[in-house]
Every structure is written in structure tokens, then in C-alpha cells.
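S.K.: Residue numbers (my numbering), protein chains in the order written: chain B, 1 to 369; chain P, 1 to 250; chain W, 1 to 344.
The hints are simulated quantities; they were obtained by calculation from the structure and are not laboratory data. Hints should not be assumed to be uniformly reliable.
[Claimed, not checked] Calculated from the model, a selection of chain W residues having no Cβ within reach of chain P, i.e. all distances over 10 Å:
#	residue
1	Val209
2	Leu221
3	Gly237
4	Ser321
[To be verified] Interface residues of chain W toward chain P, partial, derived using beta-carbon atoms under 10 Å:
#	residue
5	His146
6	Glu234
7	Pro239
8	Arg241
9	Ile245
10	Val249
Keep in mind the model is a prediction, meaning the values are calculated, not measured. Ideal placement from N, C-alpha and C gives every residue a C-beta, glycine not left out.
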Amino acid sequence: MIRYLLSNDLPRSRVLSTLLIALVITLALAPLLFPGAKALAVAAKILVFVLLVASYDLLLGYTGIVSFAHTMFFGIGAYSVAIACSRLGPSWTSIGIGLVGSIAASLALALLIGLFSLRVRAIFFAMLTLAVASAFQTLASQLSEWTGGEDGLSFRTPEVLSAAAQWRDTPLQGLGFTVSADGRLLAYWGLFVIVCVAFLLLLRIVNSPFGRVLQAIRENPFRAEAIGYQTVIYRTLSVVISALFATLAGALMALWLRYNGPDTSLSFELMLDVLLVVVIGGMGTMYGAWIGSALFLLAQNYLQALMQSLVKPLADGVAMIGGTGPLADVLRWAVGLMGPDRWLLWLGVLFVLSVYHFPEGVVGRLRRF
Amino acid sequence: MSAPLLSLAGVQTHIGTYHILHGVDLEVPSGRVTMLLGRNGAGKTTCLRTIMQHWRRSGGSIHFEGVDLAPLRPSEVARLGIAYVPENMGIFGGLTVRENLLLAARSAQNDAQIDRDRLNRIFEQFPALERFWQSPAGSLSGGQKQMLAIARALIEPRRLLLIDEPSKGLAPAIVETMIAALDRARQEGTTILLVEQNLEVARRLGDFYAVMDNGRIVHQGAMSALVSDPELQTRLLGFTLGNDDGPTRH
Amino acid sequence: MAQPDTESSWKLPQTRVDPLLWGLVPLLAGLALVAVGSPSTWLTLTVAGLAMGMMLFMIASGLTLVFGLMDVLNFGHGVFIATGAFIATTVLGPTGFGAPGGWLLVPQWHLQIAAVMVAILVAMAATGMLGLVFERLFVRPVYGQHLKQILITMGGMIVIEELIKSIWGTQQIPLPLPEALRGAFIFGDAAIERFRLLAVLIGLIVLAVLMVILGRTKIGLLVRAGVEDREMVESLGYPVRRLFIGVFVAGSALAGLGGVLWGMYQQTITPQIGAQVNVLIFIVIIIGGLGSIMGSFVAALLVGLMGNYTGFLAPKLALFSNIALMVAILIWRPEGLRPVTKIR
Chain B
1 MIRYLLSNDL PRSRVLSTLL IALVITLALA PLLFPGAKAL AVAAKILVFV LLVASYDLLL
61 GYTGIVSFAH TMFFGIGAYS VAIACSRLGP SWTSIGIGLV GSIAASLALA LLIGLFSLRV
121 RAIFFAMLTL AVASAFQTLA SQLSEWTGGE DGLSFRTPEV LSAAAQWRDT PLQGLGFTVS
181 ADGRLLAYWG LFVIVCVAFL LLLRIVNSPF GRVLQAIREN PFRAEAIGYQ TVIYRTLSVV
241 ISALFATLAG ALMALWLRYN GPDTSLSFEL MLDVLLVVVI GGMGTMYGAW IGSALFLLAQ
301 NYLQALMQSL VKPLADGVAM IGGTGPLADV LRWAVGLMGP DRWLLWLGVL FVLSVYHFPE
361 GVVGRLRRF
Chain P
1 MSAPLLSLAG VQTHIGTYHI LHGVDLEVPS GRVTMLLGRN GAGKTTCLRT IMQHWRRSGG
61 SIHFEGVDLA PLRPSEVARL GIAYVPENMG IFGGLTVREN LLLAARSAQN DAQIDRDRLN
121 RIFEQFPALE RFWQSPAGSL SGGQKQMLAI ARALIEPRRL LLIDEPSKGL APAIVETMIA
181 ALDRARQEGT TILLVEQNLE VARRLGDFYA VMDNGRIVHQ GAMSALVSDP ELQTRLLGFT
241 LGNDDGPTRH
Chain W
1 MAQPDTESSW KLPQTRVDPL LWGLVPLLAG LALVAVGSPS TWLTLTVAGL AMGMMLFMIA
61 SGLTLVFGLM DVLNFGHGVF IATGAFIATT VLGPTGFGAP GGWLLVPQWH LQIAAVMVAI
121 LVAMAATGML GLVFERLFVR PVYGQHLKQI LITMGGMIVI EELIKSIWGT QQIPLPLPEA
181 LRGAFIFGDA AIERFRLLAV LIGLIVLAVL MVILGRTKIG LLVRAGVEDR EMVESLGYPV
241 RRLFIGVFVA GSALAGLGGV LWGMYQQTIT PQIGAQVNVL IFIVIIIGGL GSIMGSFVAA
301 LLVGLMGNYT GFLAPKLALF SNIALMVAIL IWRPEGLRPV TKIR
């Protein structure tokens, strides 16, 4: 049964399986395990990221295509839902319209991008997607009438998903605290279920004959072509499918946050984050999306505080000793490098090391045990 | 006979998973022309490229004047005095004939520093190069490009020339020119290792021969011995080299 | 010395005239004149566009040569722009060496100019060295693997940008123009900013120097040959690896120069400046054809002009216009304006 669900693509490692199961269960029960809004917010973000990263893994890890336009599709999904709910009111129909609209837009754009990639080389393609994504980002902030510009759009979602809508009179029992059984819980669990289903679908896709052809093309496009596969079509399909899943992830995120803005969905920083997570988690593994997203978001939200508390005594110490002068400046700077603001630096270093030394990422490493 | 200038012992080369050279033992005597013969796919080009270190050997050893070539970069191999003329000639089409030759003349920073005598000799042997001195090399005909490729190997004195199928697709008149130029080089003491399928060229230029098949040298010896033994020719090559009328297929 | 034969008198390749290529810039300018209407506005816009184009060219030239020569695409090239710009702020700004309050406030204009020149030299030296380190750490390990190159050079950019932030902070830093370079020359109705003229001038000098080096020195010959067939250059006895490092460092230094000028053009600098210009640079080298200096020159001018013209005519479409331009050119010539025909 499990084999069937996972499309025969098992984690293949005791450690990995344990970690994954623990992670999934923790996420499933998150509202009951951690009090407070922040924990739930992080958990939801992890789920959205999993879907976003997994869809990118299909493109980068399995098909070998580097694209910087992935967050553009994410943004399309988010903005469509946001715009629909803002303009047409918070109802399931408007969400539906938004979804359909975003799917159509993503489909069209992805086809365009995919087919255009025929005429240009891989490097060109990467640069092109960078340019296109950039333009899209500018467009979004300039069409502020529709998109809310730099400030973004806040909107309401259907009543049933809101905090006011109680679906149970008595609150749920969590780990030493109670949680009111409201719409937010429903929203979270809805998000969880959809992400899991979508992920399993992606697993099914990469393990299908289609997925195998993609991997063959990634390994040796000439040979694949020689055998008779029209790499063009497969690559385009890969671009389209990954774009659609990213769009879905965007829509889900917008629904959860009840807000969307250029920074939350379209920024280049987000694209880099996705890239980092895919590589560190493990390209071409799918499971890497879970591990990577969890590691990344936990680090982003909790590690900084940790580093802050660790680094502060060091910084104070340096301040006491140092005084003024260039040596003190250098020391202060060096300590500052380990501060929470610079965590992206270390992530970048980890990323470079991963590409260089562990191309299979965390998952690959775990599988070696 | 003096010690060989170049010797390969048990050289193996893999390209990816393909095992091309299966233990090549070859000795190239100094100051002579050695012909490397064999059918397509026997590994002749791979042999030359391995000597130049464009492809690393996976086994065996290569020595040039006693120097082990294996740890060297191709540019270092070239600087030992080895000139390589690849099968595709390696002409820089966007550069002029002049610039192509200037590049090949390592010791020259500009035209004026190119050895005048050698350049004039090249112009004598290959008049087209003088005519098209300032023209882009890409606009030359195939035969002229081949002349340029050979000229690049002759513009400065070199100890060893590695030449890969220079006569392929060339008109007989041009082949004559080429034979004359290489012969001249041989007379000056340059050693040549020449891969050829044109047996006419082989017969006229070669002092020694080595036949390759399936990544190994299956036979080597003096060209005179091969020429005078039609049975050996048939056995090794499927042709007889014939006389001045050309080879006869059997 | 040999004389060229009269029946095959070719011009030297460097100046081989490609009318289609050179006609593009006047064509665009002409169309803009029609669209803009007023000649004085057009003149201002055109000079601004040319200035921007020159800066883009300086930055892109290194990148395109590096790709042409070694098939290496440095997605982190923008980092040299940022470094150059930030170093300029340090040299010229209030905390700069020497003058209290910064060199830009010194009254004598020739000292101001000198200070700018010093800033440029320091920035170029620093970015050149950074280029050396960058090549060693982020480029050399992944020669020949395009996918990894894209990823690693991006990673390198992230790391260095974070280091920049750690030194200079994350806020905007102003880089005002010195008094001597402010203001404009007035021609009738048109105002042509002094700084922009300087940028155009420097750009032309850089172009001239590049052309001379590439066309008339042996090193330049090696680079041109290497772009076509680096294996053959290696076979002729020249260590291509070293050549490449040299080109990489030179390209980084040029990007640093471009960064200083860009910073002064924008008058404020943020750490994201590198990533922002990156996109424009990629558009330029795609349009120009990877590996071609002339191609990227024309492309840079086109992009600069296009950006300024649409910035005036239809501001919301500015970035799109460049992409539209790129798509249009690619449809016409899929390998760019002047692709280099590579053998290997």
C-alpha cells in the first residue's frame, strides 16, 4: 500500500525514512504540538515550500533545466487568488476563478518559455528566465491598481477558513494547552492534505515512464534524441508541469496568508532560496524538498535567535577588549559575520559546498548510510 | 639506428567508458618519417591526441627524448618541440593567414620577428599563403587550409611533427606540394609521425611504418620492407602499395 | 614583406564592416526621434542612453569574453559591479582616506577629478583581485559543467554580497557626484549632463583599448584564437588556463570600473545593485552574441538607448522593452548579433 502511494520510490534509508515520518507527523499535528501563532505559521510555510521546491526539483533535478522563472509561476498562483478574492469577494467561486485563471496563465507562459527554449542553448535559457522573471516582478509592482503594488494585497477568505468560524464548541486538546477549533485549523489541515496529495502526484510523475525519459534526457540529450524521444516535447512538458505545481503552491500560500505581495511571492531572494533548498536537500530526490524546506525554514526562523544568543557574549567580549583601532574593527566584523543577520552567508557557503562536494544533497548523503 | 625520439610503451586510453587504446607499443625513430597506418577506427587519432596529452593515458608510458609526457599539459608538450596538426586542421577561420602563422611562431611577438628565411620557404612551397596573407583563413579553400596547417608546423623548427591525415580530400597537385614540404623537413632532421590512409603518400614519404588495429600496433618495420613484400601488404592492409601507378586493391 | 593581392584585398578583420549591425543603433535612435518629437529631449535621452550603454558594455565585455574563451558563464558577475561601487564610496565618501568629509567636497575641481580617478583605480584593482579569488574558488572547480557553474557562481555571488553587507551595511549609501561633474552643458533647449559625457568618453576609451589589445597584440590574438578553438591554441604551446585567468581578472576589473560609474550615475548604491544590473548584462550579452566584443558593444548601446527611450515614452514598459528587444533579435538571429563560430 505504502509502496503504491509512494510510486515505488521509497526513501531507501532508515535514517531518512525515520526523519521523514517524524517530519510529516509533526507537521500534521503541529497545531496541537506547538502553542502560538508563529509555530503554525512556520509549519504552513514549510508545507508550501515543500510543494514549491518539489516542483522545482522536477525541473532541475530530474530534467536538468535551470530556470529562474519558477517563482514567477508561484507569484501567478498567489496573485490570481489574491486578486480574485479582493475583487470578487471572499468566496469559493472567486477562489475557483482565480485558480483557473492562474492555471491558464501559467500554462500559456510555461508553454511559451518551454518552446522558446528550443531555439536557444541551455545557458541562454537560464538567462532568459532570469530576465523574464525580473520583468514580471517589475510588472507586478507597477500594475499597482490590480496588485497593490509594493504593499501587496490583503484580502479575506471564505468564512469557513477564518478564525471566527468555530466548527467545534469545545477546544481541541493540545500538548499542555488548548486550541480553539476554528477555521484556521481547517485551513492548515486543508493545506497539509493538499500538499501531501500533490507531492504524491509528483512522485508518481517522476517515477512514470515520462519521468524516466526526463532523466534520460538529463543524462544525455543527444542519445535520447537518437533513440527517438523528442526532447523538445518532454522538456516543455516538464516546464509546464513544474510551473503548474508551483502555481498551486502559490495559490495555497496566498489562501493561507490572506495576503500577497511582490516580496512574498516574486522576489529574486525567494528564487534563490528555492534554489538553495533544492540543492542542499538533494536534487532529483523529491524527498529532498521535505528535508531541505524544513531545515531551511527552521533555520531562518529559529536559528537566527539561537545564533544571536550565542554570538552576543562573544560580541560583548570583543567590545570590552577591543576599544578602537583597525584590529578591533576587524574583530568586530569577524564576530558580526556569525551574527543572525548574516545567516544567508553561511547558507550560501553551505550551498557552494553542496554543489561542489555533495551534489546529491542531504538526502543523498543519508542514503549512503 | 639511433635511440627513438618518441616511444610509447603499453599505452592505454579510455574515453569515458570506451577503451580505445589497448596497449600501444610504438617507437618513432629520430630524423625519419614514420607512417601510422590502419583502417578507420583503429585508434590512430586517439594515439596522437594521447601523445599530445589532450587525452590522458590510463596506462602505459610515453617518453619523448627521455621526458615522460604523462604529467604534462598539452601546451607543455608543444613547448618541448612537438607540433600537432589535427585531422580538422585547427585553422582559426576568423583570423588572417598572417595571424595564424604568427600564433604558430611562438618566439615572434609580431610579423617582423618571424624567421624571414623560413617564411619565404613556406611561400615558395605554398604560394597561396602569400597571396592570401591578409585574408581571413576561413575564406581559403580546403586545400589551402591544409597548407596553412602544415605551414604552421613548419614556421619554426620543431623536433617532432604529429600530423593526422593531411591528404584527406585534397587534390593530387596539392598532395604533391605537401609531400615536397614534408620531405624537405625530414631532410633537415625533423622527425615526423604521420597518420595516413593515402598509401601513395605513405610509400613515398615513409621511412618506417606501423600498422594499428583495434587499438594496438600489430606490425611495424621499415617501409622498404613493406614495399617489397606484396603478400605482407595484402595481409596487413588489404591493398598492395603497387608501384608508381598507385596501389592495387585485392 | 608580403603584399596583399589586389584581387583579394580584404580589410583587416577587426574593422570588417557589418552594415546590418552598425545600422541598428542609428535606426533605433532615428525611430526614437520620431516617437519623442522634440529634438532637444531626444538629445538628452540619447546621451543618457549612450552613457548607460557604455557602462553596460564595460561590465559585459569581460563576461562575454570569459564565456567565449572558456565556455564559463559567471552568473555572479554582478558581484564585481557591487564591489566596485562600494569601494568607490569608501574612497570618495566621508570616511575616505585623506580629505576630511570626503574628497567630493574638496573645492578644487582638479582634485575632485583626481579623486574619482583614484577611486576608479582602487576599485579596479580590488575587483581584479576579487576576480582572481572568485575564479579560484567558484569557477575553476567546475570547468565544463554548465549546470554546476550556474549554481556555484550564483552561490559565490550570494556569499560575497553577504560579505559586502557585513562591511558596508545593508542600507543605501549615497554616492554623490563631485561638483566638477555635476550640471550640464546647454545646447539650445537640450541639456547634456557632464557626467554622462564622461561616461561615454570613458566607454569609448575602453572600447578603443580593447580593440587595440585584441587586434594588434599577440595576447589579443591568443584570446581571439582561443574563443574560436582553445584546444588548438593549447596545442600551439600556449597555456590556455593562464590566459583565461588573465581574461577573467581583466573582466572583473572592467566590471568594477563599470560599477563605480554606475554608482555615480545612480547616485545611490544598495547591496542589490549587482543582482539588478546582472539581468541587464545578461540581456546585453545574449543580444550581442556570447564571445563577441563588438556584438556586446552594439547590444549594450541598444539596451541603454531602449531603456531611456521607453523610460520617457512609456515608463512602465522599460524593462519589458529590453526583453522584447532581446526576443526580437533572437528570432532574427538565434545566436545573437555576432556569434562566434566555435570549433571546440
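S.K.: So, for every hint listed, does it hold in this structure?
M.R.: Hint by hint, here is what the structure shows:
| no. | hint | in the structure |
| --- | --- | --- |
| 1 | Val209 | holds (18 Å) |
| 2 | Leu221 | violated (6 Å) |
| 3 | Gly237 | violated (4 Å) |
| 4 | Ser321 | holds (32 Å) |
| 5 | His146 | violated (18 Å) |
| 6 | Glu234 | holds (5 Å) |
| 7 | Pro239 | holds (4 Å) |
| 8 | Arg241 | holds (8 Å) |
| 9 | Ile245 | violated (14 Å) |
| 10 | Val249 | violated (19 Å) |
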